[in-house]
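Peer 1: Residue numbers (our numbering), protein chains in the order written: chain G, 1 to 427; chain U, 1 to 269.
It should be emphasised that the hints constitute simulated quantities derived from the structure, not laboratory data. Certain hints may be false.
Claimed, not checked - Derived DSSO-like pairs (lysine-lysine); straight-line CA-CA distance at most 27 Å:
| hint | chain 1 | residue 1 | chain 2 | residue 2 |
| --- | --- | --- | --- | --- |
| 1 | G | Lys66 | G | Lys104 |
| 2 | G | Lys193 | G | Lys215 |
| 3 | G | Lys108 | G | Lys118 |
| 4 | G | Lys330 | U | Lys95 |
| 5 | G | Lys104 | G | Lys252 |
| 6 | G | Lys252 | U | Lys69 |
Unchecked claim - Now the in silico label distances, taken between C-beta atoms and shown as ranges:
| hint | chain 1 | residue 1 | chain 2 | residue 2 | range |
| --- | --- | --- | --- | --- | --- |
| 7 | G | Asn147 | U | Ala134 | 40 to 46 Å |
| 8 | U | Ala134 | G | Lys252 | 44 to 50 Å |
| 9 | U | Arg257 | G | Asp379 | 53 to 59 Å |
| 10 | U | Thr130 | G | His214 | 47 to 53 Å |
| 11 | U | Thr99 | G | His304 | 54 to 60 Å |
| 12 | U | Arg149 | G | Trp397 | 29 to 35 Å |
| 13 | U | Arg257 | G | Ser385 | 39 to 45 Å |
| 14 | U | Glu138 | G | Gly247 | 37 to 43 Å |
| 15 | G | Glu332 | U | Trp158 | 16 to 22 Å |
A virtual CB, placed ideally from N, CA and C, is assigned to each residue, including glycine.
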Amino acid sequence: MITRKRLAARACGLFAALAVGLFPASATAADEPTAKEPPKVDLVLDVSGSMRANDIDGGSRMAAAKQAFNEVIDAVPAEVQLGIRTLGADYAGDDRTLGCKDTKQLYKVGPLDRTEAKTAVATLAPTGWTPIGPALLGAAQDLEGGNATKRIVLITDGEDTCAPLDPCEVARDIAAKGIHLVIDTLGLVPDAKTRAQLTCIAEATGGTYTSVQHKAELSGRVRQLVDRAADPVVNPVATEGAKQCAGAPQLKAGLYSDRETFGEHRWYRVDVLPGQELRASVSIGADRAVNNDYGVLLRATTVHGREIVRGSEAGDGRTDVLSTGLRYPKAEVDDSDSDSDAKPAAETVCLQVSNSFSAPASVKTTPGMPVELTIDLVDGPGGLSDAAAFGLGRGWWTLAVLVLAGLLAGLVWGWISRWRISVWRTN
Amino acid sequence: MRTVRTLTAGLLAAAAALAVAGTAAGTAAADTPSPSATPGKDGAAAEAAAPTEAGTSFRTAAPFRPGQKATAGASSGDYLYWVLPVDAQQRVTVKATVTLPESAARHGASTWQLDVYDGLRRRQACTYGTQSRAAAREAASVELSCTLRTVRAGAEPWANDPLPGSYYVRLTVVDLPEEDLGLPVRAAVEADVHEEGGAFAVDGALAKPLVAGTVTGSLREPEDGWSGGWWSDRWLWTAAGGVLGALAGIFGYSLTRGTGRPSRVPPGA
């Protein structure tokens, strides 16, 4: 019996392998990790005067940062292109305008020459202001070009001293450019304001925030973040949904990104052939401070506005994204009425993405929140005609019914043949 | 004499068939895979080790298989994502353990939460398990778990039933004092699979499991591939029922024949 089960399982596996081979997963850009282009990482280091403070494991913050950088430079994966940018490294004066321009590229983003990079880091001495906003803009420029994964790792010990340019908004604007850029922030012994600013920057770009109290934590975390950049990842294609279905962008299977502000609707169109199944999922990122309760709705409608199916989700509390999805298997057309046509016409399905996020009045609504949309078109599912698999039965009741039916059939058959024999005998 | 022989044979066959059905159901139910034990002989598929890093979004979720233990170092406040394949008729329990930072560095209680999403990024309900738990300030770790509904091979498009495919696990802190953001934590996630057998075998099946295109690598599917959803112990039950029915038919027929000569036939005939 076990053998038979194993055989069945093996046949199953073979079938699955065949199926996988025949229908390779969504033959689109979404399936190919953009690993060909080397991922780029820019380390942005605060070299402001406050980095002199001796409060990390007895050493200065600067010394801890330098040591961490040396370790990271040694451990960078070969495929990663690493650059280093500093802020507040040169200007020690009191002029705010000059101090706030003080950010420069210390080591160009590119293939890494370890000794050269280390020498560059060794020259650094804590000096000036903390222009985080301009430094982020500069770093985004350093990383410009290409479709690769980009990452900025910001290491600072204080809040931005260059208001009114809010680094958090700078970060959100950079993220809204759709260049697959993530900013991770690390605060060295941070105070409440620094923490708030750094978490805001991280949140705005889908990055992470770390509070560093010890040397080992710093190098470990930076190394982890640089390694993360090397992981192959599928990057979305930027698109822009329309206000209504007419004129909405036509999407094929793949991964898309868009932006949607509070209460906005975005429409997209997908062509679905008969016998195909449309799978769509959407996630909206809460990249800023939002009110406690929120929701997202994804609807598939016909071009005439009739709703076919919807996916919705609501939530509350702290979150990074809110997501939902839907399936729409389009039935095969009957051959009887359209046997002359060679190819059945595709149906245009309109997808509507809406959200019920809201934010306090102090929060800027533009640019919109990041939307990630995945579209997949696969073969339709097998017919759903019975509650049980193939209409098969299971359990003692089934057995009892079958046995009883067999018994009755046997009895009736026996009586009939007996009656026939006795009729034949009497004749 | 003949009747007796038929009867015994029938009973024996019935008993055998029942035993077959019974053991099949038994093995199917107890058939929890243990991928860690056997590295598999055929190919690269089984070689992939459990991830030691977590992803930070649906797109970057780190894939692992049921039975493996995925670990990650992170900062409190990070959203950690993993993804695992679950096949039809399986009921999966996801367990997470978070090792919290030393209590001296913390300022208060924190609440951790485990969420599971299906391949379409739809949130899946936990039927039982502590999905969200508050850790006191002095607690060293938090344990969370979530048992999903049994995965069905197919469902109507309007239903939110769990379907075979990728399942995303998201682990994060949902409530903590501001000062405690960004402290180092360690997280470990495991998934146990329980085969529920044919009781949850439904008609109709997806042509392709709900595996997102962003999940790559060999860990995107179960160790021995997707089942396709056609096999269940219902085949055995029904076949056994058919055999028993036939035997019962023979038995019933033989009852009407009586023993020996028919009584109504005159002795001289």
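Peer 1: Given the hint of 37 to 43 Å, is the C-beta distance from Glu138(U) to Gly247(G) inside that range or not?
Peer 2: 59 Å, violated
Peer 1: For the pair supplied as a hint, Lys330(G) and Lys95(U), is the alpha-carbon distance within the 27 Å limit?
Peer 2: 37 Å, violated
Peer 1: Take a quick look at whether Lys108(G) and Lys118(G) sit within 27 Å of each other, Cα to Cα.
Peer 2: 13 Å, holds
Peer 1: Using the Cβ atoms, figure out if Thr99(U) sits within 54 to 60 Å of His304(G).
Peer 2: The hint (54 to 60 Å, Cβ to Cβ) holds, given that Thr99(U) and His304(G) are roughly 55 Å apart.
Peer 1: So the hint says 53 to 59 Å: do the beta-carbon atoms of Arg257(U) and Asp379(G) match that?
Peer 2: Holds, at about 55 Å.
Peer 1: Could you check the hint for me, namely that Asn147(G) and Ala134(U) are 40 to 46 Å apart, CB to CB?
Peer 2: 43 Å, holds
Peer 1: Regarding the pair Lys104(G) and Lys252(G), is the alpha-carbon distance no greater than 27 Å?
Peer 2: This hinted pair is violated, its Cα atoms lying about 42 Å apart.
Peer 1: Indicate whether the distance between the beta carbons of Arg257(U) and Ser385(G) respects the range 39 to 45 Å.
Peer 2: Given a distance of about 42 Å, which is inside 39 to 45 Å, the answer is holds.
Peer 1: Does 44 to 50 Å hold as the CB distance between Ala134(U) and Lys252(G), or does it fail?
Peer 2: 46 Å, holds
Peer 1: Between Lys66(G) and Lys104(G), is the straight-line Cα distance small enough, at 27 Å or below?
Peer 2: Holds - the C-alpha atoms of Lys104(G) and Lys66(G) are around 17 Å apart, at most 27 Å.
Peer 1: Within 29 to 35 Å or not, the Cβ separation of Arg149(U) and Trp397(G)?
Peer 2: 24 Å, violated
Peer 1: Are the Cα atoms of Lys193(G) and Lys215(G) separated by 27 Å or less?
Peer 2: Cα-Cα ~22 Å, so holds.
Comparing the model with each numbered hint stated earlier shows that hints 4, 5, 6, 10, 12, 14 do not hold.
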